[in-house]
Amino acid sequence: MGKVWSLRGRLTAVILVPLLLVAALVGVWQLKNARQTATDVFDKSLLAAALAVANDVAISGGDALSPRTGDILSDTSGGRVFYHVYAPDGVIVAGYATPPVGIPPPNEEASAPNYFEATYLGRPVHGVRLQNRTQIDGFTGVFTTTVWQEASVRAAFVRDLLLRSLLAIAGLILAVAIIVWFGVRLGLRPLIDLETAIASRNSDELSPIQRAVPDEVGGIVATLNRLFGQVTRSMAAQSEFISNAAHQLKNPIAGVLSLAEAVKASPDWDASQKRSADLLEAARETANLSQKLLFLERAKAISPEAVMQSVDMDKAFRAWQDELSRTSEAGPSVTFQSTAPLGSMNGDETMIHEALRNLVDNALRHGGPELTEVHVSADRGPREMVIAVSDNGVGLTTEQILEARERFRPVAATSGSGLGVSIAEAVAYAHNGTLEFLPRDRGLKVELRLSLGDS
Numbered sequence: 001m002g003k004v005w006s007l008r009g010r011l012t013a014v015i016l017v018p019l020l021l022v023a024a025l026v027g028v029w030q031l032k033n034a035r036q037t038a039t040d041v042f043d044k045s046l047l048a049a050a051l052a053v054a055n056d057v058a059i060s061g062g063d064a065l066s067p068r069t070g071d072i073l074s075d076t077s078g079g080r081v082f083y084h085v086y087a088p089d090g091v092i093v094a095g096y097a098t099p100p101v102g103i104p105p106p107n108e109e110a111s112a113p114n115y116f117e118a119t120y121l122g123r124p125v126h127g128v129r130l131q132n133r134t135q136i137d138g139f140t141g142v143f144t145t146t147v148w149q150e151a152s153v154r155a156a157f158v159r160d161l162l163l164r165s166l167l168a169i170a171g172l173i174l175a176v177a178i179i180v181w182f183g184v185r186l187g188l189r190p191l192i193d194l195e196t197a198i199a200s201r202n203s204d205e206l207s208p209i210q211r212a213v214p215d216e217v218g219g220i221v222a223t224l225n226r227l228f229g230q231v232t233r234s235m236a237a238q239s240e241f242i243s244n245a246a247h248q249l250k251n252p253i254a255g256v257l258s259l260a261e262a263v264k265a266s267p268d269w270d271a272s273q274k275r276s277a278d279l280l281e282a283a284r285e286t287a288n289l290s291q292k293l294l295f296l297e298r299a300k301a302i303s304p305e306a307v308m309q310s311v312d313m314d315k316a317f318r319a320w321q322d323e324l325s326r327t328s329e330a331g332p333s334v335t336f337q338s339t340a341p342l343g344s345m346n347g348d349e350t351m352i353h354e355a356l357r358n359l360v361d362n363a364l365r366h367g368g369p370e371l372t373e374v375h376v377s378a379d380r381g382p383r384e385m386v387i388a389v390s391d392n393g394v395g396l397t398t399e400q401i402l403e404a405r406e407r408f409r410p411v412a413a414t415s416g417s418g419l420g421v422s423i424a425e426a427v428a429y430a431h432n433g434t435l436e437f438l439p440r441d442r443g444l445k446v447e448l449r450l451s452l453g454d455s
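In case it helps, the numbering used here puts the sequence shown at residues 1 to 455.
Just so you know, not all the hints are guaranteed correct.
[Claimed, not checked] Label pairs and their computed distance ranges (CB to CB):
hint : residue 1 : residue 2 : range
1    : LYS32     : ASN225    : 21 to 31 Å
2    : TRP29     : PHE139    : 21 to 31 Å
3    : ILE173    : ASN225    : 20 to 30 Å
4    : PHE139    : ARG164    : 42 to 52 Å
5    : ALA277    : THR335    : 27 to 37 Å
[To be verified] Cut-off 35 Å, straight-line C-alpha distance, at most; resulting in silico cross-link-like pairs (DSBU-like, lysine-lysine):
hint : residue 1 : residue 2
6    : LYS264    : LYS274
7    : LYS445    : LYS315
8    : LYS32     : LYS44
If you're looking for bench data, these hints aren't it; they were derived computationally from the structure. Beta carbons are placed, not taken as given, at the ideal position from N, Cα and C, and that holds for glycine.
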């Protein structure tokens, strides 16, 4: 099995990974936004500088710039600004003599500013060209004002703006990560306390967990408490069963040993034969009791896989009829009848057979001298299969029915283990069904009801 992340690691990853993706998208958006912001800021600054230069040149005739315009040119958006002004005939009126390389040549008069990328003294620059009609020293025409600035200034501005944004995002993510880490740790504290409570349980301490837990794990705790209850009841039942079984087997085994010693000490052949017959009968009764004990345990522990096996009930019922039917002049008859077809159901065929065999055996053992017939019927309902065993014997009172449901307690002083009803009840329970006793005017009817489930 591969390594599984801790719940804390999973929650942290689930929260932080989307945040990192969002941060990456925000970073890309912020880079684009920073570039656009820088372009807008620098374009407006250059345009303001160009307008100031054009205004000062018109006023002074190109002789001087005002101090305010000089301040603009010396530090616009963090970097020096260069300029020159050309007359309509191409003569420079003011500014730097060496223009940038790559500026589009002036065309006809344009009222809108023209932004451009060019090279100045080997370095890339960004600038604006502004054309306006004015009069300088009596000469009227379209004068061209060009203002430019090194592109590195704008790149530095973009980097600074982006860096500050990324630092803010990184700080926010770091703060969220710290909050998430300790928040998850704090939030998982009830689970850690729950783990401690579960770890304290052992085979001697399976009491329910009573501590308060978050709603998200309330179902788990409820399931654990049910499991603890089931295990506790199962262990108690098993302990009781072992105690009762040991007690029930003690006398038969002692009887077998006594009879074996009596056979060994027989004075003659006839006595030995008689005592051997008694020993054989005692051994059979002990073996029958042991077999029923094993069947009871198997019925109580029928696996879900066995219960989900498909059983052809028509075929099974015919097989049970062939085994259990009997007609004798000296004893009661066992007859079978079923509604056709019974179809199929999910269940454990062997254990259903054993439950039916025990019910028939009980009817024959406890029907009394008036018993003449035991009738077995099977009927398929919409939700359950009903197998009924009826007899016309002495029947049982309400108190005797309660006694019959108790283990190791035969209803009458007859031979028997007292486990037949317990086996049938365990089989019914394993198939989500019930075992019902229905007293009649004469005799008794016992119904084994088995759920059809999804069959």
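Against the structure, the hints:
1. LYS32 / ASN225: 21 to 31 Å: 57 Å, violated
2. TRP29 / PHE139: 21 to 31 Å: 51 Å, violated
3. ILE173 / ASN225: 20 to 30 Å: For ASN225 against ILE173, whose Cβ atoms are near 41 Å apart, the range 20 to 30 Å is violated.
4. PHE139 / ARG164: 42 to 52 Å: Holds, at about 49 Å.
5. ALA277 / THR335: 27 to 37 Å: Between ALA277 and THR335, where Cβ atoms are some 33 Å apart, the hint holds.
6. LYS264 / LYS274: 12 Å, holds
7. LYS445 / LYS315: 24 Å, holds
8. LYS32 / LYS44: 18 Å, holds
Of the hints listed earlier, those the structure fails to meet are numbers 1, 2 and 3, in rising order.
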